[in-house]
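Number of protein chains: 2
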Amino acid sequence: MTKTDIAKRVYDHTWKLDPIIRSLLDTDFYKLLMLQMIWGLYPDVNATFSLINRTKSVRLADEIDIGELREQLDHARTLRFSKKEMIWLAGNTFYGSKQIFRPDFLAWLEEFQLPEYELTRRDGQFELRFPGRWKETSMWEIPALAIINELRSRATLREMGPFALDVLYARAKAKVWSKVERLRALPDVRISDFGTRRRHSFLWQRWCVEALKEGLGDSLSGTSNVKLAMDTDLEALGTNAHELPMVLAALARDDNELLTAPYQVLQDWNIYYGGNLLIVLPDTFGTDSFLRGAPDWVADWTGFRPDSAPAIEGGEKIISWWKERGRDPRDKLLIFSDGLDVDTIEAAYHHFRGRVRMAFGWGTNLTNDFEGCAPREIDSLNAISIVCKVSEANGRPAVKLSDNPQKATGDAAEIRRYLELFGATGRIAKPVKV
Amino acid sequence: MTKTDIAKRVYDHTWKLDPIIRSLLDTDFYKLLMLQMIWGLYPDVNATFSLINRTKSVRLADEIDIGELREQLDHARTLRFSKKEMIWLAGNTFYGSKQIFRPDFLAWLEEFQLPEYELTRRDGQFELRFPGRWKETSMWEIPALAIINELRSRATLREMGPFALDVLYARAKAKVWSKVERLRALPDVRISDFGTRRRHSFLWQRWCVEALKEGLGDSLSGTSNVKLAMDTDLEALGTNAHELPMVLAALARDDNELLTAPYQVLQDWNIYYGGNLLIVLPDTFGTDSFLRGAPDWVADWTGFRPDSAPAIEGGEKIISWWKERGRDPRDKLLIFSDGLDVDTIEAAYHHFRGRVRMAFGWGTNLTNDFEGCAPREIDSLNAISIVCKVSEANGRPAVKLSDNPQKATGDAAEIRRYLELFGATGRIAKPVKV
Numbered sequence: 000m001t002k003t004d005i006a007k008r009v010y011d012h013t014w015k016l017d018p019i020i021r022s023l024l025d026t027d028f029y030k031l032l033m034l035q036m037i038w039g040l041y042p043d044v045n046a047t048f049s050l051i052n053r054t055k056s057v058r059l060a061d062e063i064d065i066g067e068l069r070e071q072l073d074h075a076r077t078l079r080f081s082k083k084e085m086i087w088l089a090g091n092t093f094y095g096s097k098q099i100f101r102p103d104f105l106a107w108l109e110e111f112q113l114p115e116y117e118l119t120r121r122d123g124q125f126e127l128r129f130p131g132r133w134k135e136t137s138m139w140e141i142p143a144l145a146i147i148n149e150l151r152s153r154a155t156l157r158e159m160g161p162f163a164l165d166v167l168y169a170r171a172k173a174k175v176w177s178k179v180e181r182l183r184a185l186p187d188v189r190i191s192d193f194g195t196r197r198r199h200s201f202l203w204q205r206w207c208v209e210a211l212k213e214g215l216g217d218s219l220s221g222t223s224n225v226k227l228a229m230d231t232d233l234e235a236l237g238t239n240a241h242e243l244p245m246v247l248a249a250l251a252r253d254d255n256e257l258l259t260a261p262y263q264v265l266q267d268w269n270i271y272y273g274g275n276l277l278i279v280l281p282d283t284f285g286t287d288s289f290l291r292g293a294p295d296w297v298a299d300w301t302g303f304r305p306d307s308a309p310a311i312e313g314g315e316k317i318i319s320w321w322k323e324r325g326r327d328p329r330d331k332l333l334i335f336s337d338g339l340d341v342d343t344i345e346a347a348y349h350h351f352r353g354r355v356r357m358a359f360g361w362g363t364n365l366t367n368d369f370e371g372c373a374p375r376e377i378d379s380l381n382a383i384s385i386v387c388k389v390s391e392a393n394g395r396p397a398v399k400l401s402d403n404p405q406k407a408t409g410d411a412a413e414i415r416r417y418l419e420l421f422g423a424t425g426r427i428a429k430p431v432k433v
Numbered sequence: 000m001t002k003t004d005i006a007k008r009v010y011d012h013t014w015k016l017d018p019i020i021r022s023l024l025d026t027d028f029y030k031l032l033m034l035q036m037i038w039g040l041y042p043d044v045n046a047t048f049s050l051i052n053r054t055k056s057v058r059l060a061d062e063i064d065i066g067e068l069r070e071q072l073d074h075a076r077t078l079r080f081s082k083k084e085m086i087w088l089a090g091n092t093f094y095g096s097k098q099i100f101r102p103d104f105l106a107w108l109e110e111f112q113l114p115e116y117e118l119t120r121r122d123g124q125f126e127l128r129f130p131g132r133w134k135e136t137s138m139w140e141i142p143a144l145a146i147i148n149e150l151r152s153r154a155t156l157r158e159m160g161p162f163a164l165d166v167l168y169a170r171a172k173a174k175v176w177s178k179v180e181r182l183r184a185l186p187d188v189r190i191s192d193f194g195t196r197r198r199h200s201f202l203w204q205r206w207c208v209e210a211l212k213e214g215l216g217d218s219l220s221g222t223s224n225v226k227l228a229m230d231t232d233l234e235a236l237g238t239n240a241h242e243l244p245m246v247l248a249a250l251a252r253d254d255n256e257l258l259t260a261p262y263q264v265l266q267d268w269n270i271y272y273g274g275n276l277l278i279v280l281p282d283t284f285g286t287d288s289f290l291r292g293a294p295d296w297v298a299d300w301t302g303f304r305p306d307s308a309p310a311i312e313g314g315e316k317i318i319s320w321w322k323e324r325g326r327d328p329r330d331k332l333l334i335f336s337d338g339l340d341v342d343t344i345e346a347a348y349h350h351f352r353g354r355v356r357m358a359f360g361w362g363t364n365l366t367n368d369f370e371g372c373a374p375r376e377i378d379s380l381n382a383i384s385i386v387c388k389v390s391e392a393n394g395r396p397a398v399k400l401s402d403n404p405q406k407a408t409g410d411a412a413e414i415r416r417y418l419e420l421f422g423a424t425g426r427i428a429k430p431v432k433v
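Quick mapping for you: the protein sequence lines, in order, are chains L and B.
Quick note on numbering: the first sequence equals residues 0 to 433 in numbering that gives the first Met the number 0.
Quick note on numbering: the second sequence equals residues 0 to 433 in numbering that gives the first Met the number 0.
Think of the hints as simulated: they come from the structure by calculation, not from any bench.
Careful: at least some of the hints might be erroneous.
Claimed, not checked - Partial list, derived from the structure: chain L residues whose beta carbon lies under 8 Å from chain B: (1) 53; (2) 157; (3) 164.
Claimed, not checked - List of simulated lysine to any residue pairs, SDA-like, C-alpha gap at most 20 Å: (4) L/15 <-> B/152; (5) L/15 <-> B/126; (6) L/212 <-> B/5.
Yeah, the Cβ is synthetic: ideal placement off N, Cα and C, and Gly gets one too.
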């Protein structure tokens, strides 16, 4: 008998919607940690998230059908946390702690639904905004980005024949595996998957994470993707993001409150979390300024995540700061997460080895590196630099300066005001690829 | 590892065209036999084929998208016989004879392409016509019908979920298998698949034929589908159809030529074929009239295929005629092929057993019987009575009277003229289901 499952084939070929987001857990773990804090401390704050395509040369609205985009966003809005997911969130151990999520937060989360969105086209780009309560809009960041990126992949894949597709994925698998082989040559390296938002597709991310699990063994610390952590019994990893200082800065009533906002965030965080979750993200308004103004207790936190400075310069700066404050960097943790690939991981690993603990949050170049994989080169399979950032809070513009001026976001006048207050020292422009 | 073949899944979900006809051999064998004769004897005759939906209550053009229909018809026009197919046609033994197709015919066939078509919508139905040389248009009959029928299935299947589909095919398989069990209780019964034109889908027909092969063993004589015969090493079966007498009658220059046209066809046929291919199709203008006027040599032919009279009455009539002409019916073959299902096969088998050789060409009720299979009853999965018939030859109207007035086709005035000439005795109206 020719073994064709007719029912399956008919279903595959009469597909109505192939959902990109199938679970509210298909998001980064830090969103849930931040959400609990936002829900607890800032339940009435409004925060608008907006899509920003930094790769202007790619005209997203020409590549992606707006109708398909709406269908996917609408589908994501139909999702709720399932019972199994809620039980897992309540019962699982995260970062070594049980019951990291409070019962009243989980009760609220059970009813959670992604809020409405605003979508239009302009000049070949999408204007996609999520206005509303911060405790709701924050959850759009990851699914919105994953949807845009996967729709872009699909539009390209649609033009390819079955053998081209077979070769594409064969090469991409071989490429990931070559990277795994290089990484496992680094003793005790700690790698995590941070590739949800800009992944090629959900299934591809899953393949990559499972390949890392097999290939890296204990060197794979976990994944930021909560659903994949649950499904593959990996650690869910992640702490906090720029949106926290950005919103608190936007809400500041005067310059003094603005200057202390980055430290206020840490105090807020510490109400909810401790131990290995005490990771400082120092670059929102420039790492130099952050370190200069930081109270001494900041040096007691477990580690830093330099996210926009070059890894070695950024790491050295923080190590020096710890030493100035009389702390031993060997007790401390640096988490690198900015545009990493095997070369930069190897370089930082060899540079810092023995001097500080390190972890690498490997994102887009893990889950969306198809360069050289298509039978003929196709630009539209190359990842783009796309983010979904807070653009305003309670009606006031939100700003990110970053250690790399190319990654700054926000209203130009407001950026100037922030730069005057925080200073611009130590900021180094470098091209943003992803 | 979660075993998803990503490349296959992407291909399945970004399907562009899922062709219904993938090979020019995906047709009934009799079309090729007739084609060789038409090509040899009537190369310059024009014959228009037209789609006729006898199930008027089904508004085909509302159920099927005309754009999809065009895509499928256009795709069929891109097909050519492949080298493998040509080698098989030249080298295979058909009905016990080698080289049934002449080299010059095969050389011409190698270049064959389906000719253009005319398609419009009117009153919820399609007007689909194939004008042109008979030796080209004739080949549209089967693919055109298979396309229409499968597009209708697909439109319905599209509305069903994966479990509904799984259950649908599970029940349909169980149903076919129950029929197989009844049929294999009939010793030495001879069954052939005649279900190409009104099949639910190509894959489903393949499943049915392979199930019959396993379940019936030697009681499966073969299949009329040339591609399936080739792919599954079964006999390709079939002889000739109404289009031969219909065209010759339309071309007749006077009443006398018209009256002798049905016998002229047999003489033409005999130039090309002998032995078991000498099967008479007597009902084009009424079996009574045909038998009454038949020259004695017609009784020397191997058998008859009564195609529109009730099986038992029709068979008895032919047996009596053989006896009148001094032939022993036990040496003769009756091929039943009109709307058969297990009940009618069993009845005819028991009725005629030992008195005549029999074969059953089982069509639509084999390859398109989904009654009671869908989780909820869906009318649009029920097969309809649809044919693609010669409507004119060299600009003159073509007519079929049939033993069942419900199956008559052609211009009303012309039907009256034919009835006056051939007579109307022995015609019995019965509902035409498929």
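Verification of the hints:
1. 53: Not OK, violated: residue 53 of chain L not within 8 Å of chain B, min 27 Å.
2. 157: holds (4 Å)
3. 164: holds (4 Å)
4. L/15 <-> B/152: Roughly 16 Å separates the two Cα atoms, so the pair holds.
5. L/15 <-> B/126: violated (30 Å)
6. L/212 <-> B/5: Holds: residue 212 of chain L and residue 5 of chain B sit about 19 Å apart, inside 20 Å.
Consistency with the previously given hints fails for numbers 1 and 5, ordered from lowest to highest.
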